[in-house]
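K.L.:
Letter by letter, the chains look like this.
Protein chains: 2
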Amino acid sequence: MMDGMTVGKAGEFGLIRRIMHDFIYRPELVVVGPGDDGAVYRTPPGYDQVISTDTMVEGIHFTKETMSPFDVGYHLGACNFSDMAAMGAEAAGFVLSIALPEALPLSWVDGLYEGLRALCSKYRVNLLGGDVTGSPSGVILTGTVVGMVPQGEAVTRSGAREGDIVFVTGTAGDSAAGLYALLHGMGEKWPRLAARHQRPEPQIRLGTLLRKAGAHALNDISDGLSSEWNEIARSSGVEMEIDLEKVPLSEDVRALGREISVNPLTWALNGGEDYQLTGTISPSAFDTIREETSITPVGRVVKKPGSGVYGWSHGRKRLLEAKGYDHFDQ
Amino acid sequence: MMDGMTVGKAGEFGLIRRIMHDFIYRPELVVVGPGDDGAVYRTPPGYDQVISTDTMVEGIHFTKETMSPFDVGYHLGACNFSDMAAMGAEAAGFVLSIALPEALPLSWVDGLYEGLRALCSKYRVNLLGGDVTGSPSGVILTGTVVGMVPQGEAVTRSGAREGDIVFVTGTAGDSAAGLYALLHGMGEKWPRLAARHQRPEPQIRLGTLLRKAGAHALNDISDGLSSEWNEIARSSGVEMEIDLEKVPLSEDVRALGREISVNPLTWALNGGEDYQLTGTISPSAFDTIREETSITPVGRVVKKPGSGVYGWSHGRKRLLEAKGYDHFDQ
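Protein sequence lines, in the order shown, are assigned to chains V and Y.
For the record, in the first sequence the residue sitting at position 8 is 8 according to the numbering used here, with numbers rising by one throughout.
For the record, in the second sequence the residue sitting at position 41 is 41 according to the numbering used here, with numbers rising by one throughout.
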């Protein structure tokens, strides 16, 4: 409810009191909950720990036009949890640091935490605390996620092998297409695309499935497929060939592309923020999981040692450079 | 070296390449180092995990006048590690998210990481990754630390018992006095005070010692002693009495106070950022450690259940309210 209260009027400690409820969704892991100098949590024996951090900046990662406060909370958690999925890990705990302008309505912060709680509840991740401070201009949010993976089983991006299938889960490009729609006042016409940008789902279940199936390399699609593939190729020291006509695109992405005369593949390759997974796996392992889930073979690891990613399209092969999003290059 | 390069010209990926070296100071804990979607680390059996996060905002927590980039890196790490000390834990891993204006010189970022590396090297904490993004105005840095403590032995702020001694480690108020000196062009005249503000030391060793000695409650001094004591009293449900004349003050703090006619106790009670420790412990346990370390008894837990903190000064007792720093109340 809008009650005219701002962050500045509530003050740091008033804000903390307002935020701190419904934080724990997996109590068996919590020893000391949020509110002390640090939160204390337990990890089951036989697991390695995983950590990752992601920041969202108002004006760069979101604006009032592209995301509600609920969306921002959901998206920030999702892009963090997605990094766990990309290691084959499950997310277990999350801390959130928020830098807020004084004039920000308290209702904005309420919405942020509603979105974050919805996500944490869905994926059973504990909110273990955070930090609250002022910001000279705009909202800046940093989340850090800790997760766990059976000891020695984390899936890196550096393990791709010659002969592997390159796969993509779900569809790619939806988030970038959704962002285009939102920025051009077409969000209501393309609600599924907008939602893929605003409230992406971290692919924890698929990441676990791929780890168990023996995937050799895994990345989440945060910067666009061209970037993710190049990262895997460089880290693994392999050459990859992709059949660009096989990249999985949703009906909506194709339709919006037709409407505005844009090749929708561009969104998939260079867009990012889809938070689906891409990686490599042996052909036999691929066959064991392809029936179970939405996963598309798009190419092959053709050479190791090797370097570079090549895309086939209309019978022509060309070098596919990383064209992901640079946060300083706007 | 100043080479005229800025963060914006280097770009996100150029910046990451420049930063990513000399990150690991405790290799036996690292399974997958920084550079993948998440870092993977191992924790010894029999330990609980601890997590905390802290943010520093240019213009609020530091300015060009008060801290060099080296100081900012050192201070950010130290205030995070200090939260581990306050739980009786040791810091083991750290991730850093940085939001930077495009025009920021690359040399600033180099200095930041030099300071952070100096700290991580000293306390043997692994840099496990981070995030780099743009900022519309000013530098905003968020660090998250993970640490470990023997299972079930974390020292909270809620365990104070009637009859406990209230103690303070080292001296208090130095950081606030140092900040005063820096803001008034007197940093060179008071180098020890300035250093206590710029490069505080996290009291990991003392926190561990206090945990082993059986301290019942523990906080680090981030918001000033009046705040820390009130937090302990409220969380523990106790009433505390403090002999304000016993609060440990350094010679420099007293001297600067005399020079500018300020009661130096104000810096200790309401200043903060000392990152020393305060807490409560049984008198017999206190006796076992008082010879080993710089620790001062300043009061007693007089009643449980109870509430509030009372300060004695010149034979008078008065309620001591929390007057810590509110980041929205400038």
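Warning: the hint list may mix true and false statements.
Copies of the same chain look alike in the list, so a pair counts if it fits in one copy or across any two.
Said to hold, decoys possible - Below, a list of computed lysine to any residue pairs in the SDA-like style, where the Cα atoms sit at most 20 Å apart:
{"no.": "1", "residue 1": "Lys303", "residue 2": "Ile24"}
{"no.": "2", "residue 1": "Lys9", "residue 2": "Tyr25"}
{"no.": "3", "residue 1": "Lys304", "residue 2": "Pro248"}
{"no.": "4", "residue 1": "Lys323", "residue 2": "Gly11"}
{"no.": "5", "residue 1": "Lys64", "residue 2": "Ile16"}
{"no.": "6", "residue 1": "Lys122", "residue 2": "Ala322"}
{"no.": "7", "residue 1": "Lys189", "residue 2": "Ser107"}
{"no.": "8", "residue 1": "Lys64", "residue 2": "Tyr25"}
{"no.": "9", "residue 1": "Lys122", "residue 2": "Arg318"}
{"no.": "10", "residue 1": "Lys9", "residue 2": "Arg205"}
{"no.": "11", "residue 1": "Lys212", "residue 2": "Ala255"}
{"no.": "12", "residue 1": "Lys64", "residue 2": "Ser121"}
{"no.": "13", "residue 1": "Lys317", "residue 2": "Ala213"}
{"no.": "14", "residue 1": "Lys303", "residue 2": "Ala255"}
{"no.": "15", "residue 1": "Lys9", "residue 2": "Ala322"}
{"no.": "16", "residue 1": "Lys304", "residue 2": "Ser235"}
{"no.": "17", "residue 1": "Lys189", "residue 2": "Glu65"}
{"no.": "18", "residue 1": "Lys323", "residue 2": "Gly35"}
{"no.": "19", "residue 1": "Lys122", "residue 2": "Ile16"}
{"no.": "20", "residue 1": "Lys64", "residue 2": "Ser137"}
{"no.": "21", "residue 1": "Lys189", "residue 2": "Glu259"}
{"no.": "22", "residue 1": "Lys122", "residue 2": "Thr296"}
Hints listed in this document are in silico derivations from the structure and should not be mistaken for laboratory results.
Keep in mind that this is a model prediction, so the values were computed, not measured.
K.L.:
Under the constraints set out in the numbered hints, which ones does this structure not fulfil?
P.N.:
Failing hints, ascending: 1, 2, 3, 5, 6, 7, 8, 9, 10, 11, 12, 13, 14, 19 and 22.
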